[in-house]
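Q: Residue strings, one per chain:
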Amino acid sequence: MTAFQTVKSLDEALAPIVDGCLLVVPREVSGVPMAATRALLRRGIKNLHLVALPTSSLQADLLIGAGCVGTLETSAVSLGEYGPAPRFTAAILGRSITMKDATCPALHTALQAAEKGVPFMPLRGLIGSDVLKYRDDWKVIDSPFGNDDPIVLLPAIKPDVALFHAPMADRFGNVWIGRQRELATMAHAAEKTIATVEKIHDGNLLDDPVLAAGTLPGFYVESVAVCARGAWPLPLPDHYSADGEHLALYAKMAATAEGFAEYVERYVYERKAA
Amino acid sequence: MTAFQTVKSLDEALAPIVDGCLLVVPREVSGVPMAATRALLRRGIKNLHLVALPTSSLQADLLIGAGCVGTLETSAVSLGEYGPAPRFTAAILGRSITMKDATCPALHTALQAAEKGVPFMPLRGLIGSDVLKYRDDWKVIDSPFGNDDPIVLLPAIKPDVALFHAPMADRFGNVWIGRQRELATMAHAAEKTIATVEKIHDGNLLDDPVLAAGTLPGFYVESVAVCARGAWPLPLPDHYSADGEHLALYAKMAATAEGFAEYVERYVYERKAA
Amino acid sequence: MNANFRPEELLADQIAQLIGDVRHVAVGNASPIPATAALLARERGNGRPYVSLLGSPKNTFWTDGARELFDCAGQGRIDVFFLSGGQIDGQGNINLVSIGDYDQPKVRFPGSFGSAHLYYVVPKVILFRTEHSRRTLVPRVDFVSAPGASAANVYRPGGPVALITNRCLFSFAQGRFTLVSVHPGHTVAEVVENTGFDFVCPASVPETPAPSPATLKLMREVVAPQLAELYPQFAAQVFGVGTAAFAD
Amino acid sequence: MNANFRPEELLADQIAQLIGDVRHVAVGNASPIPATAALLARERGNGRPYVSLLGSPKNTFWTDGARELFDCAGQGRIDVFFLSGGQIDGQGNINLVSIGDYDQPKVRFPGSFGSAHLYYVVPKVILFRTEHSRRTLVPRVDFVSAPGASAANVYRPGGPVALITNRCLFSFAQGRFTLVSVHPGHTVAEVVENTGFDFVCPASVPETPAPSPATLKLMREVVAPQLAELYPQFAAQVFGVGTAAFAD
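Protein chains in written order, with my numbering: chain A, 249 to 522; chain B, 249 to 522; chain C, 12 to 259; chain D, 12 to 259.
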């Protein structure tokens, strides 16, 4: 197999993420590409349609605070034990972004629909919820297999780009994602996939059956960039925990627009990432 | 975590597979539980509704030839390079089993519907095919997201039991399945899951993130039995190849009912497995 | 309030009893008291129920990604789950989204998470809210993240069975809450005063029973050290268990 | 027939040209000639297209189980696939199921495999049948595993583009086959004689061009050894490449 030029510099790798694109990113504990997110802030990306699968924390808050997001589609944004996500909250109250409230399995299902190349998939629940009420793009049908059995159909979400951070990739673009299999679904659903990784694995991840079981094939991967501690200050499963001190600092600074601006100046532009 | 009594003798492990049950088994190269199949023949199981996901070779042919199958639901049965599956062919021509012809992705989709707890899932294709024509249980609707866009809906398949062979399990019932992820979907979809394995892994497969990525959690597993070379004469991915000589012998013997009976006598009852 | 146990211990003991004899309890993020209860139930049941604590590598078995929790619930393989709400109303509706008009909210919460699915499919959902006030327990939620009950034709094997607060325990059935017991140090009058919705209030309401000495011992000596992996601060504050160092 | 190449080499060369400049070619089980063609195309394209040979651990990337091939096709990520049929008719319908009445068949084939999906979603499906006879190429198939064409409102980005046999090459467009070329040693009259369906037969039909010496060299020296992993017998018979030992 030929090694295509998959491994690139971070900015080169992120080039397919353009203003206005439909970008899907993983939840706060599955390998959030924070170094890449800071690079997108520095580039001044605008008007993203951000799908956080199925929730987000610092990443969505940072992108929203910096004015990068036009539409946000997710089930929740919160800093967890560090409190509400302040820029998300401010943006909703100030109506500066379009919010598409969802529920976790609805987003998983909509990405799986794209993965399977079908226009929709059904999901139980939702009927009688205001989540459904405010989603004109979701439909209720009477199941043809039931007897007066209403069920919700969710349209497929086909992202332009899937972006995530993972422990390692090889030079063939194969990315080891381990148990975070929603990353594979994101990649299958998206037009292009960009991964940042802690390190490059020598050899081919698909050659070892044990590693291969946790590998997203390079076939789906547009580009890979190496970013050591690229999820910081969020955790990378089995590799490092969240930097709670930093998240508490963020929660405090981002409570005001001025404090957020200062945070961005200090931690995004001056690249004070660990 | 407590180690439940998951590891059992083969016959004990197979006890939940009773006459008439809806049994799902994997395709010919994904870890076919042949030792378990021979044990079911010896027990004289009857009237199985066998779902082969999505195709089968020796396993379905053997079960059909021995009169164990009432209904077969699959996309193809063949001995591949060793020719047609003789007992399957004879049973269809003799109309001694009920055949539900499918197409590979339809079976994957129907199992995924059960995995997600939804009554159906859609699939592209099929319209205008006689596969659809002869399946009264499949429905065509006009997609509510399209404009005159017919699409097929497949009802969920919820097996009573999923049965497969895998490289290893631990004493907690966790089973390492590697890349054969349809085995996980089978287990998620089925009421009970029974695995035969080459060997028992000391320790807990979920403790190692690399092994965990290829592991079906014991939570889904009813019982495990150790059967070294338990897929023989079919292959086990990354472990052993098919025994082509034996398969050729089977193809030859099973060409007639008498030859098949002799094969069963010799290789099922006298346990001449490798 | 009686000083030989902490309020968290009372709540965990009550929740463990609500869990009952089931196969699988799952606990969402940031839920240390339900997590304590689930681990307590597991200790009492000698390994049963299976306990999944979201966010704990040691106490989750998921290997199929973030969707597995929801798939598992959809399969009917999660018997008990816990939900809360920025607002909860007397019909069992929960609001995790916003206060005021949805398009012009006055307050925004994080969002509905998985509630709009899990509340429907998990047989026993235990509502949990430690702030028992007219602000949180309201006549009618401003946004229904998930309804407490559904029309007869809606697929709904699951739903709320109880609401436990810092003041009392309610059961939920036939679309309404009934006051079951009031925690030591609190009164029925106080519950009425601080509850924004109508509920069934029996003529005589018992005090929530204190955890037995055996339960307290089990919680403190066996459960607390297990809890410390995921909730080090909570384990330290409530049970005085040492904080584990984070792996890096 | 000219003796400086084998019929399999001619077919593989033709198929490689039909594949054209695409991103991904997938080849099903038991298809050594299409596999040869796909590997040849990859060698000529310097690594493009990506080739997936079902059943070959070295030439498949799947890590999401047996469904990934079909999901991948549904995503539009498989550009070329190969199908055959116990019967193929002039409308491009293929039959992998049975001859005679479906409920009382006279002949039973293995089954439809993935054809009832892949034939609809893979842009270029190349039909391949080495037995070119009135038994296999029929006026109307007895069972439509997958139709050659669909109504305008049916989602169908894919379908047949060609049929290659041991005697000739047909193209497929607008619902019918057109004879493109006849292989060396065969004649148009023989094709007409042995084809059960009507097809467009141009006044002048060229001979299928022989593979170039460079192509033969590439096939024999570079492709054949790669093929031997999956098709040791075929590689030995056609190319004289030594059979690889099976790993155990």
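Don't read these hints as lab results, they were simulated from the structure. Hints may be right or wrong, so weigh each one.
Unchecked claim - Listed below are the simulated DSS-like cross-link pairs for lysine-lysine, each with C-alpha atoms no more than 27 Å apart in a straight line: (1) A:K440 <-> D:K135; (2) A:K381 <-> C:K117; (3) A:K387 <-> B:K256; (4) A:K387 <-> B:K447; (5) A:K348 <-> C:K69; (6) A:K447 <-> C:K117.
Q: Could you run down the list of hints and mark each one as holding or not?
A: Against the structure, the hints come out as follows:
About 22 Å separates the Cα atoms of K440 of chain A and K135 of chain D, which keeps this hinted pair within 27 Å; it holds. Distance restraint check for K381 of chain A and K117 of chain C: the Cα-Cα separation of roughly 19 Å lies within the 27 Å cut-off, and the hinted pair is therefore satisfied. Between K387 of chain A and K256 of chain B the alpha-carbon distance is near 48 Å, which puts this suggested pair outside the 27 Å criterion. For the suggested pair K387 of chain A and K447 of chain B, the alpha carbons sit about 49 Å apart, so the restraint of at most 27 Å is broken.
Straight-line distance between C-alpha atoms of K348 of chain A and K69 of chain C comes to about 34 Å, which puts the hinted pair past the 27 Å bound. Among the hinted pairs, K447 of chain A with K117 of chain C is inconsistent with the structure: their alpha-carbon atoms are about 45 Å apart, more than 27 Å.
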